[in-house]
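Listed below, chain by chain, are the residues.
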Amino acid sequence: MIPFWLPADVPKEREGRFLENFEKSTGGSGRLMLFAGDQKVEHLNDDFFGPDIPEEDNDPEHLFRIASRADIGVFATQLGLVARYGRDYKSVPYLVKLNSKTNLIPYSEKDPWSQQWLEVADVVRFARHSGLDIRGVGYTVYPGSEHEHAMLKEAARLVEEAHAHGLLAVLWIYPKGKYVEDEHDPHLIAGAAGVATCLGADFVKLKVPYVNGRFDPALLREATKAAGRTGVLCEGGSRIDEAEFLAQLHEQIHIGHSRGNGTGRNIHQRPLEEAIRMANAIYAVTVRNASVEKALEILANGSTRNQ
Amino acid sequence: MIPFWLPADVPKEREGRFLENFEKSTGGSGRLMLFAGDQKVEHLNDDFFGPDIPEEDNDPEHLFRIASRADIGVFATQLGLVARYGRDYKSVPYLVKLNSKTNLIPYSEKDPWSQQWLEVADVVRFARHSGLDIRGVGYTVYPGSEHEHAMLKEAARLVEEAHAHGLLAVLWIYPKGKYVEDEHDPHLIAGAAGVATCLGADFVKLKVPYVNGRFDPALLREATKAAGRTGVLCEGGSRIDEAEFLAQLHEQIHIGHSRGNGTGRNIHQRPLEEAIRMANAIYAVTVRNASVEKALEILANGSTRNQ
Amino acid sequence: MIPFWLPADVPKEREGRFLENFEKSTGGSGRLMLFAGDQKVEHLNDDFFGPDIPEEDNDPEHLFRIASRADIGVFATQLGLVARYGRDYKSVPYLVKLNSKTNLIPYSEKDPWSQQWLEVADVVRFARHSGLDIRGVGYTVYPGSEHEHAMLKEAARLVEEAHAHGLLAVLWIYPKGKYVEDEHDPHLIAGAAGVATCLGADFVKLKVPYVNGRFDPALLREATKAAGRTGVLCEGGSRIDEAEFLAQLHEQIHIGHSRGNGTGRNIHQRPLEEAIRMANAIYAVTVRNASVEKALEILANGSTRNQ
Amino acid sequence: MIPFWLPADVPKEREGRFLENFEKSTGGSGRLMLFAGDQKVEHLNDDFFGPDIPEEDNDPEHLFRIASRADIGVFATQLGLVARYGRDYKSVPYLVKLNSKTNLIPYSEKDPWSQQWLEVADVVRFARHSGLDIRGVGYTVYPGSEHEHAMLKEAARLVEEAHAHGLLAVLWIYPKGKYVEDEHDPHLIAGAAGVATCLGADFVKLKVPYVNGRFDPALLREATKAAGRTGVLCEGGSRIDEAEFLAQLHEQIHIGHSRGNGTGRNIHQRPLEEAIRMANAIYAVTVRNASVEKALEILANGSTRNQ
Amino acid sequence: MIPFWLPADVPKEREGRFLENFEKSTGGSGRLMLFAGDQKVEHLNDDFFGPDIPEEDNDPEHLFRIASRADIGVFATQLGLVARYGRDYKSVPYLVKLNSKTNLIPYSEKDPWSQQWLEVADVVRFARHSGLDIRGVGYTVYPGSEHEHAMLKEAARLVEEAHAHGLLAVLWIYPKGKYVEDEHDPHLIAGAAGVATCLGADFVKLKVPYVNGRFDPALLREATKAAGRTGVLCEGGSRIDEAEFLAQLHEQIHIGHSRGNGTGRNIHQRPLEEAIRMANAIYAVTVRNASVEKALEILANGSTRNQ
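Those protein sequences? They're chains A, B, C, D and E, same order as listed.
Residues 1 to 307, numbered by the working numbering, are exactly what the first sequence covers, in order.
Residues 1 to 307, numbered by the working numbering, are exactly what the second sequence covers, in order.
Residues 1 to 307, numbered by the working numbering, are exactly what the third sequence covers, in order.
Residues 1 to 307, numbered by the working numbering, are exactly what the fourth sequence covers, in order.
Residues 1 to 307, numbered by the working numbering, are exactly what the fifth sequence covers, in order.
Check each hint, because a few of them may be wrong.
The list treats identical chains as interchangeable, and a pair is accepted whether it falls inside one copy or across any two copies.
[Said to hold, decoys possible] Result set (DSS-like, lysine-lysine): computed pairs, CA atoms no more than 25 Å apart in a straight line: (1) LYS90 / LYS24; (2) LYS101 / LYS24; (3) LYS12 / LYS24; (4) LYS90 / LYS294; (5) LYS12 / LYS178; (6) LYS24 / LYS294; (7) LYS90 / LYS12; (8) LYS101 / LYS12; (9) LYS101 / LYS176; (10) LYS178 / LYS101; (11) LYS110 / LYS294; (12) LYS90 / LYS178; (13) LYS12 / LYS294.
Treat the hints as calculated values from the structure; they're not laboratory data.
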């Protein structure tokens with residue numbers, strides 16, 4: 001039986017590869033734990049060096065050490081970074097993020113425009129040459145930016161080309177620009193989810209909805225419903241308390257019907273072993289239906305990878 | 001005999017396919033009932049979730065359920081959405097809308113620019129791979145925008161390429177921008193119709209003309225005449241009373257000489273069975289010369305599809 | 001003998017076709033009567049519907065009826081319009097206008113940018129598929145616009161490609177933009193003529209020169225001399241009295257040394273039979289060296305086509 | 001022996017053609033007399049019609065008559081103009097100027113952007129089809145313009161492509177824009193010379209350096225040194241007294257170490273025979289090491305071409 | 001053993017060439033002494049002519065004389081300049097800088113946009129035709145500029161294409177624009193280093209970090225760590241005292257963990273023999289682990305090349 005998540009733009013000869021990428025990346029659960037590692041461009045060095053960040057996080061290899069030893073769905077980062085460490089981290093499942101911008105220009109001053117760096121065909125060629133396990137590609141769209149048209153176009157092409165090659169397509173959809181008043185508005189986030197669906201994305205990474213500055217998992221339901229067959233990933237955001245993080249993650253999935261998460265700082269801003277345990281805890285909740293208690297146990301005591 | 005609506009840019013080897021697409025989509029009437037489903041980008045989630053909208057409308061599959069069971073000419077939406085549901089809705093006649101923008105930037109602030117997401121060749125390849133029944137492509141032009149030049153160019157190419165492949169080409173032509181004072185002005189709408197004709201469109205979706213804020217079907221005649229052999233489709237607009245909607249539709253066709261309609265909210269903002277009956281009623285008026293009374297009867301009691 | 005108007009960028013194997021297009025379109029006179037029909041985009045519906053315009057002019061087919069029955073050099077309009085009526089009007093000699101813009105944005109507000117819709121290669125393919133008699137292509141350049149660079153580039157390519165295929169290339173050159181004070185200045189118009197020559201055009205359509213708001217045919221001589229081997233066509237402009245129009249046309253040719261005219265409104269804003277007679281009168285003056293009296297006689301009594 | 005001016009980006013199979021173009025155009029002297037005829041776009045009709053300009057200069061053929069009968073290195077103009085007269089002027093050595101803009105927008109209002117009209121490959125094809133003697137291509141860069149990036153890119157490609165085909169590449173480098181205070185500053189002109197060298201040009205046409213509004217040939221030395229193996233051509237500028245012009249030219253070469261000149265108005269704004277004698281005088285100083293006295297003699301009495 | 005710096009995007013058949021380019025350019029040390037010679041565009045003639053600059057520096061050949069006789073890793077300059085002198089300087093190891101802009105527009109007025117002049121494929125073809133020893137390509141990115149998106153894209157492609165051909169890729173990353181307050185901020189520079197790593201660069205040339213306007217080599221460590229396997233090259237900057245320069249260079253490497261330097265003015269703004277000795281001294285510190293004393297000795301007394 002062809003499962004519901006096989007999109008019709010995957011050609012027959014790539015169905016096997018697409019389904020394998022989907023199954024392996026979601027551990028058969030249909031849910032994706034995306035380890036987000038594109039911040040060295042998006043946030044420059046702010047996430048990797050500072051008062052509360054362990055020194056080892058400043059070394060880009062830290063991300064690869066985590067990704068190679070922890071339970072993750074995919075490790076999402078730029079192709080150049082994958083290229084520099086890939087030979088030594090062949091076991092990591094990669095998702096290549098194909099656009100990125102820095103945070104030097106404030107959103108309040110100029111509308112964001114994050115252009116695609118490389119073609120999907122470049123990623124496919126790279127995968128073939130390097131033998132690395134590349135499962136998909138990613139791209140950020142900023143609806144509401146005056147450059148929205150260019151990003152919508154690039155995203156639509158990227159999804160089609162990814163599917164044509166049997167790769168997963170994950171979109172980050174963040175409404176921005178001077179006409180976006182509240183980027184945590186649940187209705188706006190549901191709109192962003194629908195955009196991803198119309199672009200054909202397999203998963204969409206969204207902001208977490210707030211009302212009066214507070215998260216409530218039920219607020220997610222408008223978006224997860226509007227996303228249809230596109231799985232909603234909640235943004236991990238800046239580092240917060242572990243127990244709170246894992247509890248929210250559990251609620252996002254079981255109350256809000258999200259289908260995963262994209263987490264960076266809450267994992268990598270820790271010493272290696274702790275980071276691995278945190279990733280494993282997140283994975284357990286996301287993919288293995290673990291309870292929050294079970295996840296906290298993993299965080300405390302560790303767990304064997306892919307056990 | 002080659003009918004008058006076969007444009008000269010359809011090459012000989014595609015004449016059969018073009019005429020078949022035209023005949024099937026218009027039920028042999030030359031008139032098109034276009035079920036418009038591109039609003040998840042154009043209006044974000046505003047049309048699908050809210051106080052007076054049934055909850056099921058928030059699920060994108062609602063559109064496919066309607067499209068697969070109701071009488072329609074074509075279901076117009078983005079390729080990504082078609083791709084996600086197409087395997088389960090193979091009977092639907094699709095028209096792929098190739099550009100879309102969100103409504104986050106007010107028209108009063110910046111002139112609209114809705115760029116083409118994918119090439120016609122991508123649609124053709126998709127149709128071949130998926131086996132779906134894709135009858136045509138659509139595109140919106142905003143004359144009066146400072147980006148008008150780019151949209152005119154994309155539209156002209158899109159029509160030529162659609163015809164080269166035997167596909168229908170439908171244009172949405174909506175004058176916008178700070179120099180457009182009244183987008184319901186009948187003379188302006190007639191101008192928009194002429195633009196579509198010069199671009200070679202088979203059908204053009206237009207705003208409904210008003211004088212003093214009131215619709216009068218006779219106002220349409222300048223536009224339907226100016227459109228020549230290009231069929232004018234009236235925009236369905238926001239949801240209104242059913243009887244009024246169907247009466248206006250009847251007048252648009254029989255007094256104003258429109259050749260169809262593009263209706264979204266007036267269909268999908270209803271529970272499934274009612275939505276199907278409403279679509280059938282619209283189809284009956286548009287394609288089968290049904291009277292308003294007959295249409296209201298269908299709306300009340302239903303009718304077998306394609307009966 | 002190869003006549004002086006065979007440009008050196010027409011390759012040997014296309015010389016025959018180019019000369020045939022030139023000879024037939026100018027009736028052997030070297031002068032071109034261009035029936036301009038691109039205004040449905042350029043002026044929207046303003047030229048086709050209104051108090052003093054016969055109702056039949058609102059139907060685009062009116063243009064084809066005139067073009068097929070009157071004496072004309074070429075009928076210039078957009079490819080999409082040709083495509084919609086071409087099968088029924090195979091005898092018309094067409095010139096495809098490859099760019100157009102609407103008049104919604106005032107020149108005083110934003111500099112004009114009229115982008116090329118289709119490639120010359122598309123026109124050539126269209127001619128082959130349709131069997132229509134396509135003699136050339138046209139393009140408008142607005143020197144002085146901040147987008148002048150893009151239009152100069154497109155025009156230069158268009159001329160080269162037209163010649164490479166044996167097609168005529170006609171440019172409309174209208175200086176515009178906030179630094180152009182008087183677009184009827186004879187010296188500026190002569191500059192526009194020179195631009196067309198440097199772009200390699202066969203004919204250039206120019207504004208009519210005025211001094212103190214009055215036309216004087218001698219004013220044209222600076223431009224017709226500066227144009228060198230490129231023939232100057234005078235713009236027909238808005239509709240005026242027939243006798244005055246024909247007298248000015250005669251003076252433009254015999255005193256100002258223009259090599260033709262581009263006339264739209266003064267022809268099509270009339271009932272069919274009168275429009276045909278007016279076109280014939282213009283053709284007689286332009287191509288057959290008719291006197292104004294003879295032309296007025298044709299206008300009054302008609303004449304057999306191509307007699 | 002391969003002379004120093006054979007650049008390394010001329011491929012082996014084009015070395016012969018490149019050296020032949022260089023030798024013939026410089027008369028074996030390494031110095032180039034460029035007859036500049038691109039002003040019909042750059043200055044519209046200002047240089048060709050006016051109180052002190054002979055009437056025959058308004059006919060574009062005047063330029064070809066001069067170029068075909070006078071001693072010149074190359075005649076530089078747009079391809080379209082060459083195409084219209086080339087069949088009758090096969091003996092002229094041409095250099096095709098590949099970008100041009102009009103003078104309608106003041107430099108003080110908007111930074112200049114002169115885009116490339118045609119590709120070098122188009123010029124090569126044109127040369128092959130027409131059999132004309134095309135020796136090279138030219139392009140203007142305006143450093144300091146906000147569009148500088150686009151012109152630098154086009155210029156770099158143009159030089160590489162010209163050399164790949166064995167053609168000479170001549171750049172006009174004129175710093176412009178609101179941050180350029182004095183375009184006759186010797187240090188700025190030397191900078192422009194260096195830009196040309198880094199772009200790989202064979203010759204660069206520069207403004208003449210002034211200090212306190214006066215030309216002094218020694219001021220040129222910074223630029224001619226900074227240009228390295230790229231030959232500096234001094235701009236001819238607006239028409240001045242012949243004796244003064246020829247004296248300055250002599251000093252530019254023998255004191256300032258320029259390697260030629262680009263002269264338009266000082267030649268063509270004269271009756272034909274005088275224009276030919278002036279071109280011959282300039283050529284004699286530039287290529288044949290004639291003294292100013294000898295040059296004035298040629299201007300007065302004429303000289304046989306290529307004697 | 002494949003060393004850690006062989007990136008995974010170098011295809012198998014180019015591994016040998018890439019490693020050879022790396023080994024030869026770093027003298028087996030993994031550190032790069034880059035002789036920067038792109039300033040004739042970047043700074044026009046300011047670095048080459050002036051009160052304290054020897055006259056011979058104004059001749060572009062001065063750079064080639066130094067590069068051919070001194071110990072250097074690579075000589076980085078534009079392709080056009082290499083083309084004009086390459087035949088006479090075949091022994092020089094070149095790195096082709098593929099974008100450049102002038103300094104005419106102040107950074108405070110307009111955000112910088114330095115566009116790529118030529119493709120990597122052009123460089124590869126040039127290397128093949130000319131037989132020159134081209135080891136790599138270079139490109140400058142200005143994060144924080146409103147044109148950042150275009151430069152990030154070009155840089156990403158350039159790195160991939162360079163690696164695909166076995167060439168080194170060196171990026172200059174200089175945050176600029178109105179939102180960049182202090183371009184010598186160590187944290188910002190570390191961010192720039194991370195951007196280079198994500199773009200896949202082999203080396204990145206960075207500004208030198210200051211705190212309170214003073215250089216301290218320890219400040220470099222955040223950046224050299226954040227750069228991971230991408231080697232950090234410190235910008236040479238404007239000419240300073242030799243002893244101070246060499247001492248700072250030593251500290252940058254041994255305290256700050258830089259992996260080389262990019263030096264222009266501190267070398268070429270000297271008479272030839274002294275420039276060669278200065279380059280040798282820099283090379284000795286960078287590649288051969290020479291002490292500052294040893295380097296000063298080389299500067300004073302010279303040393304045989306590659307001894």
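Here is how each hint holds up against the structure:
Taking the shortest alpha-carbon separations for LYS90 and LYS24, only the intra-copy value of 16 Å comes in at or below 25 Å, while the best inter-copy value is 28 Å. In this homomeric assembly, LYS101 and LYS24 never come within 25 Å of each other (Cα to Cα): the closest approach is 30 Å inside a single copy and 34 Å across copies. In this homomeric assembly, LYS12 and LYS24 come within 25 Å of each other (Cα to Cα) only inside a single copy, at 19 Å, whereas the closest approach across copies is 28 Å. In this assembly of identical chains, the alpha carbons of LYS90 and LYS294 never lie at most 25 Å apart, being 30 Å within a copy and 44 Å across copies at closest.
Taking the shortest Cα distances, LYS12 and LYS178 never come within 25 Å of each other, neither inside one copy (44 Å) nor across copies (48 Å). In this assembly of identical chains, LYS24 and LYS294 lie within 25 Å of each other by CA distance solely inside one copy; the values are 23 Å within and 55 Å between copies. Only between protomers do LYS90 and LYS12 lie at most 25 Å apart by alpha-carbon distance; the minimum there is 16 Å, versus 28 Å within a single protomer. When the C-alpha separation of LYS101 and LYS12 is checked against a cutoff of 25 Å, the pair qualifies neither within a copy, at 35 Å, nor between copies, at 31 Å.
For the identical chains of this complex, LYS101 and LYS176 are neighbours both inside a copy (14 Å) and across copies (14 Å), given an alpha-carbon limit of 25 Å. In the homo-oligomer, the alpha carbons of LYS178 and LYS101 lie at most 25 Å apart both inside one protomer (18 Å) and across protomers (16 Å), since each shortest distance falls under that limit. In this assembly of identical chains, the alpha carbons of LYS110 and LYS294 never lie at most 25 Å apart, being 45 Å within a copy and 52 Å across copies at closest. For the homomeric pair LYS90 and LYS178, neither the shortest alpha-carbon distance inside one copy (43 Å) nor that between copies (42 Å) is at most 25 Å.
In the homo-oligomer, the alpha carbons of LYS12 and LYS294 never lie at most 25 Å apart, since the shortest distance is 40 Å inside one protomer and 45 Å across protomers.
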